[in-house]
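Listed below are the residues making up each chain.
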Amino acid sequence: MTVRVQTQDFDVGAEIARLRGDPKVGAIASFVGLCRDVNDGEAVAGMSLEHYPGMTERALEDIVAKARSRWDLIEVSVVHRVGPLKPTDQIVLVVVSSAHRGEAFAACEFIMDYLKTQAPFWKKEDTPTGSRWVDARESDDHAAGRWKTGKG
Amino acid sequence: MEARMLTLRYFARLRENFGVDSEQVVLPAEVKDVAGLSRWLRDRGGLWAEELAPGRPVRVAVNHHMAGDATAVADGDEVAFFPPVTGG
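Order-wise, the sequence lines are chains X and B. Here my numbering is used: the first residue of the first sequence is 1, the next is one more, and so on. Here my numbering is used: the first residue of the second sequence is 1001, the next is one more, and so on.
Because the hints were derived from the structure by calculation, they are not lab data. Treat the hints loosely; a few may be bogus.
Cβ pair distances, simulated, as ranges [what the hints assert, rightly or not]: (1) 1039/B - 24/X: 52 to 62 Å; (2) 1039/B - 25/X: 47 to 57 Å; (3) 1075/B - 43/X: 41 to 51 Å.
Cβ atoms here follow ideal geometry from the backbone N, Cα and C, with glycine treated the same way.
Sequences and hints are given; from them, build the entire structure.
Structural data, given as structure tokens:
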């Protein structure tokens, strides 16, 4: 398992290539979250991401452990950026390898859904009317909640 | 009873509104859990009373684990207050 919180950008190709070395891997699924230039109808010139050092890493490790207890996974990498970001910048990367695609797809989505509701990150956006803290979305709670049926 | 020391941490909107990101406090004997700690901090009045009012969307972590109102607080603990998370 790799969990990293960093200010610098990441190379998606290199992160995926790292998981290809194991010949048992038959599938790699990945998700990249990006900074957009609009949110809730307002233009966004950039954002700043704050986190809780120490707890963030632990929360991400817990989420990956939950995914591993649910699906047969070979390797998981999670990289999340903090600090100032601008539209089109990469924010988060999740890469999951497994023998078959089903596990990789499902675990990748599960990890993102839990990250959105459990990992201590906070976004502050710069808009034409000033900077504002982003409010948590109820739809994110619903997305994480739908995994509660079934085991884990 | 020995004095119980806690480290309090605040993040995002709460950090800005309280004007502090971390502080050490000596807990009064009656504070035993997260609910009691929140109540005690609300007694500071102003933005403390407003931001930590019952029903406000505030999350609490004790020693880096998400906690609830009934989670106990003990000497040496780190307790963090923050808004619902918005990463990803």
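Provide an ascending list of the numbers of those earlier hints which the structure does not satisfy.
Violated hints: none at all, because every hint is consistent with the structure.
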